[in-house]
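Given the coordinates of chain Y, assemble chains V and U onto it according to the supplied hints.
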Amino acid sequence: MLIDNIKELFLKIKKGNPLVHHITNNVTINDCANATLAIGGSPVMATSIEEVADMVNLANALVINFGTIDDSTYEAMLRAGKAANKKGIPVVFDPVGVGATPFRTERAIDFLKKVDVSIIRGNATEVFALIGGKAATRGVDAVEITISKEELAKKTAQQLNTIAVISGKHDVISNGEETVKIGNGDIWLTRITGTGCMTASLIASFAGITDDLFSAAIAGMSVMSLAGERAKNRLIDGEGIGTYRVKLIDEISMMDSQIWEEGVRFL
Amino acid sequence: MLIDNIKELFLKIKKGNPLVHHITNNVTINDCANATLAIGGSPVMATSIEEVADMVNLANALVINFGTIDDSTYEAMLRAGKAANKKGIPVVFDPVGVGATPFRTERAIDFLKKVDVSIIRGNATEVFALIGGKAATRGVDAVEITISKEELAKKTAQQLNTIAVISGKHDVISNGEETVKIGNGDIWLTRITGTGCMTASLIASFAGITDDLFSAAIAGMSVMSLAGERAKNRLIDGEGIGTYRVKLIDEISMMDSQIWEEGVRFL
Amino acid sequence: MLIDNIKELFLKIKKGNPLVHHITNNVTINDCANATLAIGGSPVMATSIEEVADMVNLANALVINFGTIDDSTYEAMLRAGKAANKKGIPVVFDPVGVGATPFRTERAIDFLKKVDVSIIRGNATEVFALIGGKAATRGVDAVEITISKEELAKKTAQQLNTIAVISGKHDVISNGEETVKIGNGDIWLTRITGTGCMTASLIASFAGITDDLFSAAIAGMSVMSLAGERAKNRLIDGEGIGTYRVKLIDEISMMDSQIWEEGVRFL
Numbered sequence: 037m038l039i040d041n042i043k044e045l046f047l048k049i050k051k052g053n054p055l056v057h058h059i060t061n062n063v064t065i066n067d068c069a070n071a072t073l074a075i076g077g078s079p080v081m082a083t084s085i086e087e088v089a090d091m092v093n094l095a096n097a098l099v100i101n102f103g104t105i106d107d108s109t110y111e112a113m114l115r116a117g118k119a120a121n122k123k124g125i126p127v128v129f130d131p132v133g134v135g136a137t138p139f140r141t142e143r144a145i146d147f148l149k150k151v152d153v154s155i156i157r158g159n160a161t162e163v164f165a166l167i168g169g170k171a172a173t174r175g176v177d178a179v180e181i182t183i184s185k186e187e188l189a190k191k192t193a194q195q196l197n198t199i200a201v202i203s204g205k206h207d208v209i210s211n212g213e214e215t216v217k218i219g220n221g222d223i224w225l226t227r228i229t230g231t232g233c234m235t236a237s238l239i240a241s242f243a244g245i246t247d248d249l250f251s252a253a254i255a256g257m258s259v260m261s262l263a264g265e266r267a268k269n270r271l272i273d274g275e276g277i278g279t280y281r282v283k284l285i286d287e288i289s290m291m292d293s294q295i296w297e298e299g300v301r302f303l
Numbered sequence: 037m038l039i040d041n042i043k044e045l046f047l048k049i050k051k052g053n054p055l056v057h058h059i060t061n062n063v064t065i066n067d068c069a070n071a072t073l074a075i076g077g078s079p080v081m082a083t084s085i086e087e088v089a090d091m092v093n094l095a096n097a098l099v100i101n102f103g104t105i106d107d108s109t110y111e112a113m114l115r116a117g118k119a120a121n122k123k124g125i126p127v128v129f130d131p132v133g134v135g136a137t138p139f140r141t142e143r144a145i146d147f148l149k150k151v152d153v154s155i156i157r158g159n160a161t162e163v164f165a166l167i168g169g170k171a172a173t174r175g176v177d178a179v180e181i182t183i184s185k186e187e188l189a190k191k192t193a194q195q196l197n198t199i200a201v202i203s204g205k206h207d208v209i210s211n212g213e214e215t216v217k218i219g220n221g222d223i224w225l226t227r228i229t230g231t232g233c234m235t236a237s238l239i240a241s242f243a244g245i246t247d248d249l250f251s252a253a254i255a256g257m258s259v260m261s262l263a264g265e266r267a268k269n270r271l272i273d274g275e276g277i278g279t280y281r282v283k284l285i286d287e288i289s290m291m292d293s294q295i296w297e298e299g300v301r302f303l
Numbered sequence: 037m038l039i040d041n042i043k044e045l046f047l048k049i050k051k052g053n054p055l056v057h058h059i060t061n062n063v064t065i066n067d068c069a070n071a072t073l074a075i076g077g078s079p080v081m082a083t084s085i086e087e088v089a090d091m092v093n094l095a096n097a098l099v100i101n102f103g104t105i106d107d108s109t110y111e112a113m114l115r116a117g118k119a120a121n122k123k124g125i126p127v128v129f130d131p132v133g134v135g136a137t138p139f140r141t142e143r144a145i146d147f148l149k150k151v152d153v154s155i156i157r158g159n160a161t162e163v164f165a166l167i168g169g170k171a172a173t174r175g176v177d178a179v180e181i182t183i184s185k186e187e188l189a190k191k192t193a194q195q196l197n198t199i200a201v202i203s204g205k206h207d208v209i210s211n212g213e214e215t216v217k218i219g220n221g222d223i224w225l226t227r228i229t230g231t232g233c234m235t236a237s238l239i240a241s242f243a244g245i246t247d248d249l250f251s252a253a254i255a256g257m258s259v260m261s262l263a264g265e266r267a268k269n270r271l272i273d274g275e276g277i278g279t280y281r282v283k284l285i286d287e288i289s290m291m292d293s294q295i296w297e298e299g300v301r302f303l
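So the protein lines, in turn, are chains Y, V and U. Count along the first sequence from 1, then add 36; that gives the number in my numbering. Count along the second sequence from 1, then add 36; that gives the number in my numbering. Count along the third sequence from 1, then add 36; that gives the number in my numbering.
These are calculated hints, taken from the structure and not from any lab test. Computed from a prediction, not measured in an experiment: that's the story for all the values here. Check the hints yourself; a few may be wrong.
Some chain Y residues near chain U, calculated using beta-carbon distances under 7 Å [said to hold, decoys possible]:
| no. | residue |
| --- | --- |
| 1 | Thr137 |
| 2 | Phe139 |
| 3 | Thr279 |
| 4 | Gly299 |
Below are the EDC-like pairs computed for lysine to aspartate or glutamate, each with C-alpha atoms no more than 16 Å apart in a straight line [to be verified]:
| no. | chain 1 | residue 1 | chain 2 | residue 2 |
| --- | --- | --- | --- | --- |
| 5 | U | Lys123 | U | Asp146 |
| 6 | U | Lys50 | U | Asp292 |
| 7 | V | Lys268 | U | Glu275 |
| 8 | U | Lys149 | U | Glu111 |
| 9 | V | Lys205 | V | Glu265 |
| 10 | V | Lys190 | V | Asp222 |
| 11 | U | Lys268 | Y | Glu275 |
| 12 | Y | Lys268 | V | Glu275 |
Reference listing, derived: stretches of chain U covered by chain V, where coverage requires no fewer than 3 residues with Cβ under 8 Å from a Cβ of chain V [unchecked claim]:
| no. | region |
| --- | --- |
| 13 | 47–53 |
| 14 | 198–210 |
| 15 | 219–230 |
| 16 | 276–290 |
Glycine is no exception: its CB is placed at the ideal position from the N, C-alpha and C atoms.
Okay, chain Y solo, but in the shape it has when bound (with noise of 0.2 Å):
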């Protein structure tokens, strides 16, 4: 049921071609920019506050993402927010950072109160920090955290009324009732700078075609995953991480439903 549902959206995303506005950091927006299109969907990028209401009114799906906020950008960042949920556009947020400085956890804890979020991605750090959690971190790293990453998705997909996506060396996504988790991916994955914001692009644009964003979230997550687990096994000798960036890309631009269905594995 669930399979049927993800492998549908591989189609419909192709011919709805959702357009995905983001407001991101600085050091990302390319990737996230070719992920959206590479999965089938379209990327605007403004972050002007004059514009992100009228930008946001185009869009099918909202990416925020915190990882390199300033006041003015956060001021457009609710904007858009607001803008989202008043149109009915699912609002994906990447809380990159959150838990490291006390600018990042306040500025994401004041955002989850004005606008309602659809779906989260992070790691276990920074979502463990959204619910009030206090972790060691290192920068934008995630470290160990003290409850297993399943309660943490369930737990905060409760507690802030969302979906939770957590990456990681397998990832889990929760809506509070059901729990899924994906074995697929490889350490590679975080050797490049991206690819969780890509994530969350890839999250935006299936969520910006249909109304089943747990299905959305697991698809978005999963091709992430999946997409990098076989470019690293078409690495050949001599290959490093450059390389590795390229074909991750070229996976995700090739993935459809049957690729997909052969390669995903629940766990």
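For chains V and U alone, kept in the frame of chain Y given last:
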């Protein structure tokens, strides 16, 4: 004659190494820098209002790209544009997303009033919005409009006293008197971000080493379309849009007068 | 002795995984993040003045890059630099484009007054401008100046009480007493954007795991020049600067003490 003029530009650009100043978006800024280098120019990307005029004074051409404008970058664009006009170097304007939001359209029209633009490069919808046309837009993507691209290019060139370059399935370049159509290209040029922006960088690089701006516009546009076609032909099984991006830059960097003359198709 | 010190750094960096905070330009910010990861560090790129000091407190080294400074990022740089000095972590300064405009030169000199900089990495023109020299510049590109690079490096190190790294056809590193020259490299390192910026990230990554900053500076500089040479040698017919960029990152990510020792050429 035109062919010979353009062939000569390939030699002149390697010798002249024009400095091309950009005030552009932060999605494709890296692509624009590398495209400029690939064709033989040198990119500069300063945006601080305190130094843009000084930087323009060192440059041979200026690119203004509206991809992620806000009030602060717009002010820098005006200063840079006026400095370019004063110095007498060509200004290439890429009206990304114009027509999608009132903010963008108003700023674009304001910019055209205050700065003499030598060459405008956009897709049909964006250019249509510049001359007062109304079209349904989807973010920064083009949709079909009601006049032919040939008419649109010619009318834009005449009305705005500029050279108009309209990218699309076939490309149209007009100076208001002559109109040229290019048949090269590949649909995959629309499957990665930045190909339009990079085209403006290529055009500006050529415009920085000649007074024949019509030839420069044709040269820059046709290099991108031909490179896009050649990159696609070089893809092998299992390669997707990640590899396509890499090979596109490869092809731009290897383009010379001979490859160009053998490959370009005027319609 | 120096060789052995540097060989050891390759092992220490993989274990130590230094967190390298950057306040850098938005042209090559993604390249810097990936170069940091490729060598074994973890990049962070926060720029909001409200959190830079907190982020620096988590970091092992700080990179300040002037590529696209404006008043707001400059303020963040000062705060980050002071926090780094207070914490006692190394500051690597990349004076991109200094000498090209008064704005850049004044800010650079102001920065050096207010922040203790451990290592400066630039091309000869930029570094020359830092010590009060006047050279004809072309935007962010180097032109020849009137003193030898060896003298310039030594003088800069002494005058500014720092380690000076001058990139070029051969690279020169001086701590004011010892001066080292590296003969590796390839002209193609100048045909793509970001190789200088990435060098600063490599240097800072090494500097984040040792007190021997002179060795760290030599290690970072030589890794880039050797990787650039190896990447060029790996190109096959039909590959241009797009593929070169990818293979450059590949080579950085595969660099270890053995490859380095066999390949590095001190002059």
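Hints, one by one, checked against the model:
A hinted interface residue such as threonine 137 of chain Y counts as satisfied when its beta carbon comes closer than 7 Å to some beta carbon of chain U; here the least separation is about 4 Å, so the hint holds. With 7 Å as the threshold, the beta carbon of phenylalanine 139 of chain Y comes within range of chain U, its nearest partner Cβ sitting at about 4 Å, so the hint holds. Taking 7 Å as the C-beta contact cut-off toward chain U, the hint placing threonine 279 of chain Y at the interface holds, the least distance being around 6 Å. Hint on glycine 299 of chain Y is violated. Least Cβ distance to chain U is approximately 25 Å, over the 7 Å limit.
Annotation: proposed proximity of lysine 123 of chain U to aspartate 146 of chain U is violated, straight-line Cα distance about 21 Å (limit 16 Å). The straight-line distance between the Cα atoms of lysine 50 of chain U and aspartate 292 of chain U is roughly 10 Å, inside the 16 Å bound, and the hint therefore holds. With a CA separation close to 14 Å, the supplied pair lysine 268 of chain V and glutamate 275 of chain U stays within the 16 Å bound. Between lysine 149 of chain U and glutamate 111 of chain U, the direct Cα distance comes to roughly 14 Å. Compliance with the 16 Å bound is thereby established for this hinted pair.
Of the pairs offered as hints, the one joining lysine 205 of chain V and glutamate 265 of chain V holds, with about 12 Å between alpha carbons and a cut-off of 16 Å not exceeded. With a C-alpha separation of about 24 Å, the suggested pairing of lysine 190 of chain V with aspartate 222 of chain V is violated against the 16 Å cut-off. Annotation: proposed proximity of lysine 268 of chain U to glutamate 275 of chain Y holds, straight-line Cα distance about 14 Å (limit 16 Å). Distance restraint check for lysine 268 of chain Y and glutamate 275 of chain V: the Cα-Cα separation of roughly 14 Å lies within the 16 Å cut-off, and the hinted pair is therefore satisfied.
Judged by the Cβ-Cβ criterion of 8 Å, the region 47–53 of chain U is not covered by chain V as claimed, because only 0 of its residues qualify and three are needed. A count of 0 residues in the region 198–210 of chain U with a Cβ less than 8 Å from any Cβ of chain V is obtained; the coverage claim is therefore unmet, three being the minimum. With 4 residues bearing a CB less than 8 Å from a CB of chain V, the region 219–230 of chain U meets the requirement of three and the coverage assertion stands. With 6 residues carrying a beta carbon less than 8 Å from a beta carbon of chain V, the region 276–290 of chain U meets the three-residue requirement, and the given coverage holds.
Hint compliance for this structure: hints 4, 5, 10, 13, 14 are not met, and every other hint is.
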